[in-house]
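Enquirer: The chain contents come next:
Number of protein chains: 2
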Amino acid sequence: MTTMSLSLERIKEAARRIELYAHRTPVLTCSSLDKVVGAQVFFKCENFQKVGAFKFRGACNAVFSLSDQEAAKGVATHSSGNHAQALALAARMRGVPAYIVMPSTAPSVKKAGVLGYGGEVTLCEPTLAAREATLAEVVARTGATVVHPYNDERVIAGQGTAAMELLEEVPDLDVIMAPVGGGGLLSGTAIASTAIRPRIRVIAGEPEGADDAYRSLATGIIQPSLSPKTIADGLLTSLGSITFPIIRERVERIVTVSEAGIVEAMRFIWERMKIVIEPSAAVPAAVLWEGKIDLTGLKIGIILSGGNVDLGNLPWMNDKP
Amino acid sequence: MTTMSLSLERIKEAARRIELYAHRTPVLTCSSLDKVVGAQVFFKCENFQKVGAFKFRGACNAVFSLSDQEAAKGVATHSSGNHAQALALAARMRGVPAYIVMPSTAPSVKKAGVLGYGGEVTLCEPTLAAREATLAEVVARTGATVVHPYNDERVIAGQGTAAMELLEEVPDLDVIMAPVGGGGLLSGTAIASTAIRPRIRVIAGEPEGADDAYRSLATGIIQPSLSPKTIADGLLTSLGSITFPIIRERVERIVTVSEAGIVEAMRFIWERMKIVIEPSAAVPAAVLWEGKIDLTGLKIGIILSGGNVDLGNLPWMNDKP
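Residue numbers (this note's numbering), protein chains in the order written: chain A, 840 to 1160; chain B, 840 to 1160.
This is chain A alone, in the form it adopts within the complex (with noise of 0.2 Å):
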């Protein structure tokens, strides 16, 4: 399979596409940091986007490409993540209704969220056969676009935005690294940060309690991500078929990291740099701080994926006092 349809072009595309209604977030740097890590890091900082997470870039793209007949339709998706909040955004800054499946046990705050920005619940049995028989139905009868979090490549083009104006923002990174679940954000920065700078190293970390993406790269095959354990509750599902290949072809590694240490990089983050990221935000910065690989003295960017996070029920609120 090759990945020549998404190019840097649909990226561009993407980003003059999303202009008007996604935060441009800053990059931050933080010498502390630096000094502990051995390298020059730039944050660039997709907490701050709307709805508190990069997965809006591509929500964005994926519901303004459509046809107005499409569009008026709606759009649809199975999430009880940050996907689904950024799609039902999106849409409603398109004005067209978002349809949002979501398990009957998701979180009240998820499902307030997404209400809140004007998407149209629809709870179902917390199974994946549920999820998409809900999804199929909530389709049937509306005609709705179903948009997937993650393996769509107008979805991926999106989150590509991001890699795109951080090496505007930093045009000599050395590395570019981002967090691995389904694989979105990290083909779209693969895309981007490899076709802008052929030279680009993209390495992206996983924890070691949902290594599926590493089990596939390894063995060549999607691995699928059974009983996934991890605080980066971001980053549960396996690769797809279209991130899947991408990866294989443009990133370079991917590396586990443990719990305590993306525990350990989050807390230094927040400490540090007074920013709120959100655990699967910390676990490439985890990988500088566990040193598995050596990435002294080289200039490296990271995509902060989001800062959603339950404040009341922090990972360091059982430390020891």
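Worth flagging that the hints you see were computed from the coordinates, not collected in a lab.
Every residue, glycine too, gets a C-beta built ideally from N, C-alpha and C.
Treat the hints with care, as some may be off.
[Said to hold, decoys possible] Stretch-level coverage of chain A by chain B, calculated; a stretch enters the list once three of its residues show a Cβ under 8 Å from a Cβ in chain B:
1. 848-856
2. 1018-1027
[To be verified] Derived DEER-like restraints, expressed as beta-carbon distance ranges:
3. A:1137 <-> B:1097: 43 to 51 Å
4. B:1136 <-> A:964: 25 to 33 Å
5. B:1133 <-> A:875: 42 to 50 Å
6. B:1110 <-> A:1065: 30 to 38 Å
Go by the hints and put chain B onto chain A.
Expert: What follows is chain B alone, placed relative to chain A:
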């Protein structure tokens, strides 16, 4: 008493002096916050400043105002807060010693912070008398120059640079707000903003549990801060002989806020803006939350004073789940 000696020109001098060392911090906005408070709010993010607080501006201006002979003998203060770290870092940047007197009861993380910036810590009994006596001993021994945390014109001029930068970015503010403790930030903010934009209204926020500045304005006499009780631990001190007259002359009003209001505003800013701020920094936002004064529809600048907070002990950790 006149405050003519402390003019905008002094603040511009301070800005030139600290330019190489201090961050020009970003100004952030948040549309969901604007909706909640019914105004257009521009946050000057001093939580991103060196040492995580505006205090670095004043300390840096004071340290770099000294002659080489004065500077060589070092600087000294008694403080267990952000000013101690700010002075230590500014002194290190100039390559001179910083002598910090701290009560023996100060948290070890505060001592470690000062030591980390190369300061020399002298512990004493936790009383004001002991702190002053110990400081006097240190000065007698070293010849260091005392830099008061707020009752010092060089410090006030430095703090005023934050408001100056904010007005450079958003020139048409109707209102500018800052928290008030000893009044260094507030008086610097008031001088800069009323000089640049005479029509601007300067409004301060103060915790109900530490309302000595409010009472000082009401009575026309500096009221001591007796057993203050508030989560906003940067605002416990009373006004000084230099800050009080400036505040009387240029501040429209001091508005007191409840502890619940401070925590609510702080949590909202963490959740929606994805930035870490300390309770003291949330005090002006709490004024908007509580609505004691009507600022509907106005353009409001707020100095977010700092982001140094113990992540293991957040005010909502004891909330019901």
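Enquirer: Now tell me if each hint is right for this structure.
Expert: For each hint, the structure was consulted:
1. 848-856: Our answer is that it is violated, as 0 residues pass the Cβ test (under 8 Å) against chain B, missing three.
2. 1018-1027: Per the Cβ count (0), the hint is violated.
3. A:1137 <-> B:1097: 43 to 51 Å: holds, 49 Å
4. B:1136 <-> A:964: 25 to 33 Å: violated, 48 Å
5. B:1133 <-> A:875: 42 to 50 Å: About 47 Å separates the Cβ atoms of residue 1133 (chain B) and residue 875 (chain A), which means 42 to 50 Å holds.
6. B:1110 <-> A:1065: 30 to 38 Å: holds, 33 Å
The structure fails hints 1, 2 and 4 (numbered hints given earlier, in ascending order).
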